[in-house]
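Number of protein chains: 4
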Amino acid sequence: MTQPPRFMPVVLWIPSFEGMTRRLLNSLDRQADKQPSNGILPVWVKITALMQNFAVLMLNCPDQKGIVAVVTEFISRNGGNILSLEQHVDPQANEFFMRVQWDLTDFVIPKEKISDYFGTLIGARLHMRWQLYFANERLRMALFVSKPAHCLYDILGRWHAGEWKIDIPFIVSNHLDHQEVAQRFGIPFHHFSMNAENRQDQEQKQIALLQQHHIDFVVLARYMMIIGRPFVEAFSGRIINIHHAFLPAFIGAKPYHRAYERGVKLVGATAHYVTEALDEGPIIEQDVVRVSHRDSVEELTRRGGDVEKLVLSRAIRRHIERKTLVFQNRVMVFE
Amino acid sequence: MTQPPRFMPVVLWIPSFEGMTRRLLNSLDRQADKQPSNGILPVWVKITALMQNFAVLMLNCPDQKGIVAVVTEFISRNGGNILSLEQHVDPQANEFFMRVQWDLTDFVIPKEKISDYFGTLIGARLHMRWQLYFANERLRMALFVSKPAHCLYDILGRWHAGEWKIDIPFIVSNHLDHQEVAQRFGIPFHHFSMNAENRQDQEQKQIALLQQHHIDFVVLARYMMIIGRPFVEAFSGRIINIHHAFLPAFIGAKPYHRAYERGVKLVGATAHYVTEALDEGPIIEQDVVRVSHRDSVEELTRRGGDVEKLVLSRAIRRHIERKTLVFQNRVMVFE
Amino acid sequence: MTQPPRFMPVVLWIPSFEGMTRRLLNSLDRQADKQPSNGILPVWVKITALMQNFAVLMLNCPDQKGIVAVVTEFISRNGGNILSLEQHVDPQANEFFMRVQWDLTDFVIPKEKISDYFGTLIGARLHMRWQLYFANERLRMALFVSKPAHCLYDILGRWHAGEWKIDIPFIVSNHLDHQEVAQRFGIPFHHFSMNAENRQDQEQKQIALLQQHHIDFVVLARYMMIIGRPFVEAFSGRIINIHHAFLPAFIGAKPYHRAYERGVKLVGATAHYVTEALDEGPIIEQDVVRVSHRDSVEELTRRGGDVEKLVLSRAIRRHIERKTLVFQNRVMVFE
Amino acid sequence: MTQPPRFMPVVLWIPSFEGMTRRLLNSLDRQADKQPSNGILPVWVKITALMQNFAVLMLNCPDQKGIVAVVTEFISRNGGNILSLEQHVDPQANEFFMRVQWDLTDFVIPKEKISDYFGTLIGARLHMRWQLYFANERLRMALFVSKPAHCLYDILGRWHAGEWKIDIPFIVSNHLDHQEVAQRFGIPFHHFSMNAENRQDQEQKQIALLQQHHIDFVVLARYMMIIGRPFVEAFSGRIINIHHAFLPAFIGAKPYHRAYERGVKLVGATAHYVTEALDEGPIIEQDVVRVSHRDSVEELTRRGGDVEKLVLSRAIRRHIERKTLVFQNRVMVFE
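Chains as they are written, first to last, in the working numbering: chain A, 882 to 1216; chain B, 882 to 1216; chain C, 882 to 1216; chain D, 882 to 1216.
With the rest of the complex left out, here is chain A (with noise of 0.2 Å):
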């Protein structure tokens, strides 16, 4: 009898970047049940392969017969097979959405090329506006704040932790307050200061300093300024922000003061992409928390602050995941 190859156990850094991913995870675990003895190599090489071969495609274009089995249709004869699928029409609109997430490990058409035949034999034909994403990417991400340090913390605790597959290749401040945080975590600090003279030039500076490091998307963690619109533009639908009340309540300045004296019961956080209109962008994610008479401002400000990085949190999560699409001032979230 032939010995099995042995190896070092092995502790593998497994992003939960996809539904799939787990799937997979799953059928390992079980696989490494029944055959103990088999040593760890088998699993790892089978795991690398396959995390770089899923394919996401979110598409809508005008609703119609079919649709479905059109683009089910060229994934399945292509020798793609599906991992996950979800639709939604928008009655009003006429409008079909879909993303359809497959496993590229026979598929026939390369990497590359996929777009391309896609468009070709469905996409024009059919009047689609589509994104092609795939799993091995890893997102770059760029960290606004100001005094605020919740979300911040929030997120470099999550990032550090390897809940998500991203790198933050800086984190940008109009303040130095936390300078000395980012030090803490390893990563590089631009402080940015900014009044009415030099923001113009600031922030074209700040618009360099993102194209540089090539940054996917911009996070506003509790950033308190106003985004110009060459910034908006350069990046949009690139650049979430978290707003800390229940949108469309309470738009603008100092909104825990404000929902305290309207005396409400309850107290929000909103999460948006930014768009040139302020607190008026299509919401990603959105909670509350139960607040009473007893709650000062400052009470309101803590406890809705919680929520403020829980919200911000789950739609960076739902960005990375490619998860969300925008149509019409509108975030269709994909689960």
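I should point out that these hints are in silico values taken from the structure, not numbers from a laboratory.
Treat the hints with caution; some may be incorrect.
For chains that are exact copies, the list does not tell them apart, and a pair is met inside one copy or across any two.
[Stated by the list, open to error] Below, computed lysine-lysine pairings styled on DSSO-like, alpha-carbon distance capped at 27 Å:
{"hint": "1", "residue 1": "Lys-1204", "residue 2": "Lys-946"}
{"hint": "2", "residue 1": "Lys-1135", "residue 2": "Lys-1046"}
{"hint": "3", "residue 1": "Lys-1204", "residue 2": "Lys-1046"}
{"hint": "4", "residue 1": "Lys-992", "residue 2": "Lys-1204"}
Keep in mind the model is a prediction, meaning the values are calculated, not measured.
Using the hints provided, position chains B, C and D relative to the given structure of chain A.
Chains B, C and D in isolation, oriented as in the chain A frame:
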């Protein structure tokens, strides 16, 4: 050995009006366990006595030292047993608030003179505004409704099941749709057709009807007419409305349509006292429910409807229990 | 110019049975806006036609490549228009699940032959278990209740307001308390007094009654009797119960008493399909509400009651909409 | 005209330790608005004085007439100003509970003698058990953690941002994984490798370490070792654990795996004081989050993790604020 008096077992309808009541019932339960052969009469007598002997005092005044001690001493020195006490200070307004409830069984001041004594000895001196209630008062509620029926059904179900200690002398509507429902529950139904010409006259008749039946408070259970100034003034602080949105978001008409267009991820409802400014009255209770891009306006309306009826019923309960105190457009809701 | 046909305006009762229906209604609404002078008849005809032309297919089978494509192609190639589709893979069981809904208007396979064709062409080959429903089927629900009435009132209110597309041929109870309520709503009431001796006989009579009236599913709306094995088997997967606790916490009797003693900070409710093992059946829906040390057992019961009725009604809705699929004691609840 | 004293503006770190503090800060804010030219020193002095002059008294005793009046009179007559008061009666145990907080500025009894006087004059006579705290006490918290890091990050973030008024003299772990995190935050890290043989010895060393550093309370932030009896007794009522389930559901190991298998629709977390009976200690705080059949065990773990860290942090806050009182395995959590 003398035989204890024996009576037929009696099922008592005990309103859950007060935390106090629960306390008594619990002690009675324990007593009943110990003396099962003792008949039911002593219990009945004791409950009756106690039920008619609670007082609730709600007050507010400029904050200063020693208010709690002065009030509790007044109650205690005169033989009252404090059953619950809650106080609150609004630091911005520098105003003190208090709700105290005590057992009148051994209280030496007669019920009808308590307010007079309290005012002379304490209230006037400390510039208090106060309200005194007694536990055996049964409130009379008028129910206004238009077409949506979910709040109406919820209220009638709770009332019919004895959940609230109130009378509903009649239902008012500007439509005839729910006349049959009123009949099924044996409640008189008054129809007031309303249009631009007759509105003021009709409201005068409504006010007269309410006053003639000694109505204590009015519930607008999705009543889609704006209440005029004379009506609001006649029942100031005694009209509860349910707005089908999380105020101050979506003030005014068609909130679910606007929530859909804004792409919010939660819809809510707000119960508030009616003031002249539409949807601006002091908020008693709010809650929300999660929705997604998959939900049409119709589905938002349905999910929101479940929240509306819950929120309105919670607000009614708080009002009946004398746990709401309005100050500067904010509602203190005592526990 | 010929005048379009004119009819009296007709109020249509349109069940909100399907996301599909909403989609159609929305398009109809828009059409109506454009042609207000056109009378109501064409709309009516169109709705009737469409309402009878939806099919829902729910299936599960061992997971493998290409299932989605095969099923959607079957529908699409035969003239069906897919209205919604949701799929799921249980990686631990390696099982594939799918719910797909399509418009039958131009579908070339007759309704009565769809199941046969699907089985021959796809189902048998892929080892599927499947269920096929049509949108115009109106389910018949039997309502069982004991003494607590809040769920009963909530269900009758929703049914009476037309929220659900069901018939309630009768109410069954082991007590006489709610006979009058049944009469108020015009529903026959069957009383079965139950004790240790007659229980098996009475249950046989209940089963006969249910079968005689062609009951599709049974709702135990706080029915405090344990259902025997023959009953469960006769209506397997078609009996919904509401348990007044957040299962699996507080299985069995007096959950609110035990929740009080344990000092929990939330109480909840669980709607589940009934199986032979008490309180162990597959869970359809759960929710909770916050409580505190101030709340007595009575107050926990009251707050929990609000959650019970909401949770049960949500579960009933999901069942009526054919959105629940049981597999290995877990319920898939499709969106 | 004499010039008011001028100082450099000073940013004050004001812990939100008490409802009291908020009240004072609010009045200071208003004062600052009125006297902007007045410098910052008087404010500083006043705050310092006040911060050191609050007392919190928590007590319980058999219920009887007049307790509130006796206690409040004791405070008031001796020059204390009551800042907040909450009382509660457990009717089943016939026990009275109270938390009262007062300003010591003009209190005539010296701090170190308050407990003595209160005991002699009131406590002993009414058979009270009581605890007296002063607002300027800064608690010392020991942090125990194993491998999952999300609670650790959340606690360190809040501590570093100054949200809590505590010291964290060291972190203890049975693993080395988080040594680097401790270093980043500048906190000493003590590693105790634990196995069946050395466990009792290691725990003795842990107890010695805690006592040597005058630790006030211990937080088990996902510390996966069972605490032995001597440890529990040495810090009775002062060890807070987070259990990753909604207790009493899923007591013991692997709760998320079991939640997945049971098919629950919500997962939760429970913060409780540690007693000898595993997962049976008195509950401080609980919360839940919605899950579905689509969520794998890994996803339940991730979603649950967000709830765990929130619930644990809320419990810690309540403990620090001296708002928790344990009686018969239930925790009163005052507002």
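*Does the structure break any of the earlier hints, and which numbers would those be?*
none
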